[in-house]
Amino acid sequence: MWNFKDSAAHLYRQYELITCINMFEPWEKKLINGIVLLMFVLLIFSSCVYLPSYMDSLLEVIRPAAGSTKVEDLTYVPQRISSM
Amino acid sequence: MGNVDDDGATFQQNYVKCSNGTAKASTPISNGHIPNHSVEQWRDEQQEEQHNDQEQELQLLLNKQLKFSAPAYTEIRTRTGGLKLKGVNEGSYHPEKQAEANGYVSQTGSKCDKFKPSRADGVLSAEQEHYQKTSFEDVPLHTACLTYLGFYLLMILGYINQLLFVPKVATEKGREGYVTLYDAFESFYSRYVYRRVRDCWNRPICSVPGDELVLKDRVTDDYGWSFRFTGTETRCLNLGSYNYLGFAAATGTCADESEQRARQKGLAYCSPRSELGNTQLHIDLERLTARYLGVEDAIVFGMGFATNALNLPSLLGPNCLVVSDEKNHASIILGLRLSGATTRVFKHNNMRDLERVLRNGICYGNPKNGGKPWNKIMILVEGIFSMEGSIVRLPEIIALKKKYKAYLYLDEAHSIGSMGPTGRGVVEYFGADPNDVDILMGTFTKSFGSAGGYIAGSKKLIDFLRTNSHAHCYASSISPPIVQQIYTSMSIIMGEDNTDTGRNKVQQLARNTRYFRRRLAQMGVITYGHEDSPVVPMLVYLFSKIGAVIRTLTTRHIAVVGAGFPATPIMEGRIRFCLSAAHTKEQLDYALDVIDDVSENLGLKYSRKSRDPQPIEY
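If you read the sequences in order, they're chains A and B.
Counting in the UniProt record's numbering, the first sequence runs without a single skipped number right up to 84 at its last residue.
Counting in the UniProt record's numbering, the second sequence runs without a single skipped number right up to 618 at its last residue.
Hints were generated in silico from the structure; no laboratory data involved.
Treat the numbers as computed from the prediction; the structure is a model and nothing was measured.
Heads up, a few of these hints could be off.
For lysine to any residue, the following SDA-like pairs were computed, each having C-alpha atoms within a straight-line distance of at most 25 angstroms [said to hold, decoys possible]:
1. B:372 with B:355
2. A:30 with B:191
3. B:368 with B:320
4. B:460 with B:340
5. B:405 with B:431
6. B:168 with A:31
7. A:29 with B:163
8. A:29 with B:164
9. B:347 with B:318
10. B:609 with B:129
11. B:168 with B:194
12. A:30 with B:160
13. B:216 with B:229
14. B:605 with A:11
15. B:605 with B:617
16. A:30 with B:146
17. A:29 with B:194
18. A:5 with B:551
19. B:460 with B:474
20. B:605 with A:3
21. A:29 with B:571
22. B:372 with B:317
23. B:460 with B:296
24. A:29 with B:603
25. A:5 with B:600
26. A:29 with B:165
27. B:459 with B:272
28. A:29 with B:221
29. B:605 with A:21
30. A:5 with B:605
Calculated Cβ distances over 10 angstroms to all of chain A for the following chain B residues [unchecked claim]:
31. 134
32. 144
33. 329
34. 428
35. 434
36. 605
37. 609
Computed Cβ-Cβ distance ranges for the label pairs, DEER-style [as the list claims (entries may be wrong)]:
38. A:53 with B:569: 40 to 50 angstroms
39. B:129 with A:54: 52 to 62 angstroms
40. A:5 with B:155: 31 to 41 angstroms
Beta carbons are placed, not taken as given, at the ideal position from N, Cα and C, and that holds for glycine.
From just these sequences and the hints, can you work out the full model?
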């Protein structure tokens with residue numbers, strides 16, 4: 001538990017140094033932290049919502065024969081390279 | 001040996017107490033003004049005395065403690081709480097070394113003969129040895145990216161801040177329609193980037209900057225726009241002064257003789273050398289300087305910066321070519337601009353590039369003058385480069401200078417006194433002939449603990465300067481106590497006081513330097529420069545880390561100097577340690593242990609070199 005706390009503190013300190021947060025005024029800190037948090041949340045959201053279907057279509061492109069039957073079920077149909 | 005010996009014995013107790021003091025005292029900040037013995041001890045001693053008296057004095061002491069232990073750096077956010085700082089004794093690098101008795105300097109000033117020269121000394125050729133001892137490790141790629149990221153953030157937020165709030169600075173009234181007098185970006189930079197860490201620079205001190213100094217604490221309530229003094233003081237180990245040989249001391253021969261001279265001759269002559277300011281003292285000092293450097297003649301000036309900035313224009317003219325190292329000091333660059341000579345820059349300490357520039361200069365002549373040959377060509381280098389901590393490759397430069405018939409101007413501002421077996425600068429360090437260097441320049445500000453500069457060389461050169469130099473004709477002459485300080489310290493270095501003090505100091509400095517640099521390398525931080533140079537830049541790269549390191553070290557009672565963007569490239573923020581003969585091994589050990597802790601906590605151990613597993617011998 002303590003180890004985890006220490007390493008978390010260390011990580012946060014590194015983050016503070018890298019983004020120069022330790023030099024900023026409080027409102028600037030909130031701004032930077034807010035922007036970073038927003039980016040992070042967007043990343044998580046998009047990777048949960050869009051990534052699975054993207055991966056499927058990527059698989060489709062790499063191995064067209066294997067997953068050809070599933071194409072009709074998907075809402076997002078990628079452009080076939082062969083059809084171009 | 002003046003202050004070298006005085007504080008050595010008491011030092012360790014003090015610092016141990018300071019760092020363990022967090023348990024007893026309420027604040028981590030204590031300082032040198034708390035008496036050495038603890039309050040309990042003090043109470044025991046006082047028990048015999050009258051009760052009334054005791055209470056009264058205890059109250060006084062408490063008041064004093066309260067006054068001097070106010071939390072000076074709490075409002076400037078320092079992260080003592082978050083950092084996992086170890087104590088001095090636990091987990092230090094070499095626990096067995098701590099148990100050893102006070103190492104090098106004993107009370108009598110004699111030294112033990114354990115100084116071990118480097119393994120590379122005298123084995124390899126001069127060129128290879130220099131190469132092996134010099135290190136300029138590349139920055140790791142991710143650190144480079146993060147440094148730029150940090151700067152972008154600083155800039156963007158600075159602009160937003162400037163847009164939203166009116167800066168708390170004085171503005172000129174009644175100047176509508178005028179072009180701004182001050183450079184816009186410069187003022188932006190100092191207001192929104194430098195201001196955030198302004199508490200780390202220009203810190204006022206209130207003692208002699210010897211091996212230790214006393215900082216006057218100040219706090220800021222508005223994020224660096226303004227400061228106010230708290231009335232407290234912090235005693236710190238001084239790793240920031242150019243006090244190479246430890247002659248900056250309030251006691252000792254130098255101080256006594258200077259004081260005596262001030263009483264005899266007053267404080268200033270208020271007149272230039274060529275008028276009424278010339279005395280036997282100055283003539284003696286010039287003779288001694290010439291003898292010290294082993295050249296025909298020397299001339300001294302009252303200001304080191306002006307020695308470069310005002311003498312270069314009298315030596316150089318518009319039809320001259322100057323080949324200058326890219327890391328040369330601002331005074332040299334100013335002098336070159338004033339002279340109007342054509343300046344070509346070569347890569348730092350790169351002999352191949354120097355030869356290329358020289359050859360091109362000779363082949364193509366002066367392009368502004370239709371390709372006619374130059375009047376003179378001068379190579380301009382420094383002995384020790386103060387920001388890089390590297391040493392000039394003098395033997396190769398002398399060879400090149402002879403090959404291409406150029407003049408050589410060597411600025412020994414940092415190296416004079418601190419290099420070579422008897423402190424005669426890089427010329428002695430490389431075993432070169434001082435007459436091979438045409439113009440030897442140096443300052444008295446650093447090693448001699450005084451102020452001023454000199455130029456030494458042939459009689460002809462010095463006579464020319466006496467008639468032509470602006471610094472000689474118009475600037476007022478050096479003040480008598482200062483001349484005396486230089487004279488005394490120089491004769492001590494030369495051994496003319498019939499003691500070993502000077503020689504011991506030079507050797508102590510060499511030993512401190514090597515020990516400090518090797519321990520730093522062992523820790524895995526990146527240091528720049530040559531193994532034997534007493535200026536040790538430690539690279540921290542990120543701008544925010546400069547401030548963090550300086551603040552954290554201040555809370556652990558170590559005063560250091562940081563250097564950031566305008567003084568260095570954006571990439572290379574650094575902390576610069578300057579070693580001194582006044583430091584003892586115990587002081588250096590304390591400093592190194594703290595630096596080890598701090599660099600672990602702040603992530604400064606960038607080096608990817610293999611580390612020496614053996615304990616470093618002092």
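Do the hints match the structure? See the list:
1. B:372 with B:355: Cα-Cα ~20 angstroms, so holds.
2. A:30 with B:191: 21 angstroms, holds
3. B:368 with B:320: Distance ~11 angstroms between residue 368 (chain B) and residue 320 (chain B) Cα, so the pair holds.
4. B:460 with B:340: 23 angstroms, holds
5. B:405 with B:431: At roughly 21 angstroms apart (the allowed maximum being 25 angstroms), residue 431 (chain B) and residue 405 (chain B) satisfy the hint.
6. B:168 with A:31: 22 angstroms, holds
7. A:29 with B:163: Holds, at roughly 17 angstroms.
8. A:29 with B:164: 16 angstroms, holds
9. B:347 with B:318: 23 angstroms, holds
10. B:609 with B:129: Holds: residue 609 (chain B) and residue 129 (chain B) sit about 18 angstroms apart, inside 25 angstroms.
11. B:168 with B:194: Answer holds: residue 168 (chain B) to residue 194 (chain B) is near 14 angstroms, not above 25 angstroms.
12. A:30 with B:160: 14 angstroms, holds
13. B:216 with B:229: Given that 25 angstroms is the threshold and the Cα spacing comes to 7 angstroms, the pair holds.
14. B:605 with A:11: Measuring from Cα to Cα gives roughly 15 angstroms; hence the hint holds.
15. B:605 with B:617: Measuring from Cα to Cα gives roughly 22 angstroms; hence the hint holds.
16. A:30 with B:146: With a Cα-Cα distance of about 20 angstroms, the restraint between residue 30 (chain A) and residue 146 (chain B) holds, given a limit of 25 angstroms.
17. A:29 with B:194: 17 angstroms, holds
18. A:5 with B:551: 24 angstroms, holds
19. B:460 with B:474: 21 angstroms, holds
20. B:605 with A:3: 21 angstroms, holds
21. A:29 with B:571: 23 angstroms, holds
22. B:372 with B:317: Satisfied, since the Cα-Cα distance of roughly 15 angstroms is no more than 25 angstroms.
23. B:460 with B:296: 9 angstroms, holds
24. A:29 with B:603: 21 angstroms, holds
25. A:5 with B:600: Holds, at about 17 angstroms.
26. A:29 with B:165: Distance of about 16 angstroms is within 25 angstroms: holds.
27. B:459 with B:272: Since the Cα atoms of residue 459 (chain B) and residue 272 (chain B) sit roughly 21 angstroms apart, the hinted pair holds (cutoff 25 angstroms).
28. A:29 with B:221: OK: residue 29 (chain A) and residue 221 (chain B) at ~17 angstroms, within 25 angstroms.
29. B:605 with A:21: Within the cut-off at roughly 21 angstroms; holds.
30. A:5 with B:605: 22 angstroms, holds
31. 134: The assertion about residue 134 (chain B) holds, with a minimum of 29 angstroms to chain A.
32. 144: 12 angstroms, holds
33. 329: Correct as stated: the minimum Cβ-Cβ distance to chain A is 29 angstroms, above 10 angstroms.
34. 428: The assertion about residue 428 (chain B) holds, with a minimum of 43 angstroms to chain A.
35. 434: 47 angstroms, holds
36. 605: 12 angstroms, holds
37. 609: 22 angstroms, holds
38. A:53 with B:569: 40 to 50 angstroms: 47 angstroms, holds
39. B:129 with A:54: 52 to 62 angstroms: 59 angstroms, holds
40. A:5 with B:155: 31 to 41 angstroms: Holds, since residue 5 (chain A) and residue 155 (chain B) (Cβ atoms, about 34 angstroms apart) stay within the stated range.
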